[in-house]
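S.K.: Each chain is listed here by its residues.
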Amino acid sequence: MSDGMMASPVLKLEHLSMKFGGLVAIGDLSFEAKRGEITALIGPNGAGKTTVFNCITGFYKPSEGMITLTGSDGRQFLLERMPDHEITAKAKVARTFQNIRLFSGMTLLENLLVAQHNKLMKASGFTLLGLFGFASYRRASKASIELAQHWLEKARLVDRADDPAGDLPYGAQRRLEIARAMCTGPELLCLDEPAAGLNPKESAELNALLNDIKDTTGTSILLIEHDMSVVMEISDHVVVLEYGRKISDGDPAFVKNDPRVIAAYLGVDDEEVGDVLTEVGDDQVLQQLEGGPDILHGPHTSSSMMAGSVMDSIDHSDPLGERVTVAPGASKAGQLDARNKAAGAAGLGAAAGAAAGKAAARVAAENVAADSGASTKAAAAELGGTAGRAAAARGGDTASPAKGAPAPLVSNALPAARGGQADKLTLIKGIGPVNEKKLNDHGIFHFDQIAAWTQADIAAAEAYLAFDGRIAREDWVGQAAELAKGGKRGGN
Amino acid sequence: MAQAVTTSREESGNVIPYALREAGYAALISFGLFVLLIGLKTDQNIRNELILVPRWGLLAIIVAITAVVRFVYVAYAAPYVEASRRAAAQRKVLVAPVEKGFIRRNFNVIGLAALFLYPVVILALFGVQGSLKWVDNFGIQVLIYVMLAWGLNIVVGLAGLLDLGYVAFYAVGAYAYALLGTHFGLSFWILLPAAGIMAAMWGVMLGFPVLRLRGDYLAIVTLAFGEIIRLVLINWREVTNGSAGISGIPKVTFFGLISFDVSADNYIGKVFGLASSGAYYKIFLYYLIVLLCLLTAFVTVRLRRLPIGRAWEALREDEIACRSLGINTTTTKLTAFAIGAMFAGFAGSFFAARQGFVSPESFVYLESAIVLAIVVLGGMGSLGGIAVAAMVMIGGTEILREMGFLKMVFGEGFTPELYRMLLFGLAVVLVMLWKPRGFVGSREPTAFLHQRKSVAGSFTKEGHA
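Protein chains in written order, with my numbering: chain B, 16 to 507; chain W, 573 to 1037.
By construction, these hints were calculated from the structure, which means they are not laboratory data. Ideal Cβ positions, reconstructed from N, Cα and C, are used throughout, including at glycine. Be aware that one or more of the hints could be misleading.
Unchecked claim - Below, simulated EDC-like cross-link-like pairs (lysine to aspartate or glutamate); rule was C-alpha separation at most 20 Å, straight line:
1) K1033(W) to E217(B)
2) K216(B) to D227(B)
3) K1025(W) to E451(B)
4) K76(B) to E989(W)
5) K76(B) to D88(B)
6) K1033(W) to D177(B)
Said to hold, decoys possible - Derived DEER-like restraints, expressed as beta-carbon distance ranges:
7) K157(B) to F674(W): 32 to 40 Å
8) Q113(B) to F679(W): 54 to 62 Å
9) M81(B) to I892(W): 32 to 40 Å
10) A150(B) to F679(W): 27 to 35 Å
11) Y645(W) to P98(B): 55 to 63 Å
Work out the full structure: start from the sequences and follow the hints.
M.R.: Right under this line is the structure:
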């Protein structure tokens, strides 16, 4: 193989997205698989690895993006435009399945002969010549049995060639599935968790088989794997996915030490994250980490408490390009990013001058944190209107409420009740003790404050209390105005 | 626990009291069930009044039969089956391969010889006129079903597509021959392939809309298709003559050389100087259907060893895996529908030629169900098993007509033919209990490397789950 050939990737994914309704399984994924290499696709459960496979092999049609396969003869195929069986037949992409899909009632040999269907169909003159027993078909049939025997030998299953495939032990079934895929003569072999459920010995045998395929056939391999020993041992190139996005891409040693990958797999220590977030004053994220579903971004809690806090949503209308909004706290790698930026900023601040001291560093960190959280906050702005303002106020306004108090929810929040005596907000119909406490926490103590709420304040409060439209419906503002007037009169 | 108790009882040889008790229970249950159903009968007397006719004698016979059968089963049959099963299990451990018997080894040759010699034997036994019934009702009738079932076997047994409207293609074949033969006077030998092609075309037309369906949904749509064809045949009077049917369908000739029409110049009786008889035509038809059946079997066996046949079976096993191996499942399914339908078309045109008359009555849903039952009973995918099942099911129900002696038991008014479907159902239930995968549950591989071993039925899938 020439150097030029080596350089051209056998498979190229560009801006691949796959959405199932509102769920974004893959978001703007791009990577390449080089010719003659073993590329591993790894990631935590639910990262979208199998979805990527299903897009490549045509079982799903991607929502966006381009998948280009370049054959060894230089022909290019756009896989996203081809039906699944043509992807195998013409573009020469073969695959195996996570839950083994063998023809269990057929013998091993027959399984491998079915894989050579297209070649044999042509040789049998689309059945007609074969029906009359032409010699050309008999020759092709013999050749196909020889090829099958070759792969049975490679998979060390030749002794059991005439047994039903369903009768094989699990590890042998995995090898048979690979042998069957190889019988289609693929340019690219996609293996979905080939080592799942194998014991160490079988796993080693599998590695040997894969290395053999790589060395002797020129078939490139793309594999999904959870077993890190397999990945590190045999793969030349590793792509790491988390929540449908690529978080790392490189050789195994690089990926192994990438802190984002470590965070994605092992998780970031929650306390550690908490410390950083407290330090930078990102209370909103802190609250959401503690408080379960993210009210401002996710669906309203009234729809379902269970739905969506981990739901990714992607918005390509954003002119700035990619922007994936993930509920804060969902992506471990994202958390790590936030932490690193904050730490970096803090360091910068400290370097700026020792005299400025800690306070200056904190302000810098606060600003950076506001930037790092920009995506969430921008989304908040879209969703909640004032929530954006609130966030902006938190990020920029140094005159924020006393330390430790939560961020102000509405524009006219007070640091404390006037005269230390709060009004009895429960007098307003619709406000119970719980909500009264929540409002108090956010600096709402008096009827006149509620009476002065603007449209935007109401929206923010509704979003916070998860009362969609209730504040307006029950006319809290009107009620509060009445009560405030009454209170004044009473006071007079 | 219960198992242990039963075993100890059998081993002690003390099954008789137990069997008697079981027989008593069975008698009680059957009495309870039948006391009103059989013991009393409503009837009209001479003044058109509704009266109750007690039939205690018949009830007693039924109850007694139940008790005796139960006794024999518990006391003798069950221990015998148990013992032979245990012996077989031991034998399997001790001796590896059990040598197949002479009949099993030469099943095909013996079957073929029997098929070709059958009319000769019948002629020798019953004479020319006497042979008519045996050749027609038993020979031709059974073989038509064999051919239909072998055709359906391609769709259901190999490709795993549950088709409940198969009789529609049979009807297409029959009407194709009936209409083209009567209106244009075309010969059977031209219309036979034409009917096959037309039925295949209808198979593809049905196949297209149901490509994405499997299992129950596919069954329902094909069932509806079968009914649509029948209703069209009934209502399109201008062409099909409605439920009155088409009569006067021309007989098959021996390639135009010898005719079976008494008035023709080249009538077989005149050519060979024989007495006029309808039996010659039946014997000719018998050999014709034998050849058609052999053609079906030959094509099926050949197709199974070709990539298309393997793709059908792979489709039955796992459709998604098929697609991942580059098999175009659309064309694969359509060819299965088309080839299955083609054989039904052949059988249909033969049916029309044999009857000389077709009407929508012959193509009701029950026919589809019977053909499917034969395929399932025989063992899906197995030609030999299906042939045996057709012989048992169709021949068995035909033979009920010959059971005159049953009248001595059940009285003069008893007509065994009326119990045809009851016995059919009973046989299906029994076979399914005894062999859940049909007579031949195992599958012969289409290729082998070292040694041909049949695949046990438990590994194969039925496709429409």
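S.K.: The structure should be examined with respect to each hint, and the outcome stated for every one.
M.R.: Hint-by-hint comparison with the structure:
no., hint, result
1, K1033(W) to E217(B), "violated (28 Å)"
2, K216(B) to D227(B), "holds (17 Å)"
3, K1025(W) to E451(B), "violated (79 Å)"
4, K76(B) to E989(W), "violated (58 Å)"
5, K76(B) to D88(B), "violated (26 Å)"
6, K1033(W) to D177(B), "holds (18 Å)"
7, K157(B) to F674(W): 32 to 40 Å, "holds (33 Å)"
8, Q113(B) to F679(W): 54 to 62 Å, "violated (43 Å)"
9, M81(B) to I892(W): 32 to 40 Å, "violated (25 Å)"
10, A150(B) to F679(W): 27 to 35 Å, "holds (30 Å)"
11, Y645(W) to P98(B): 55 to 63 Å, "holds (57 Å)"
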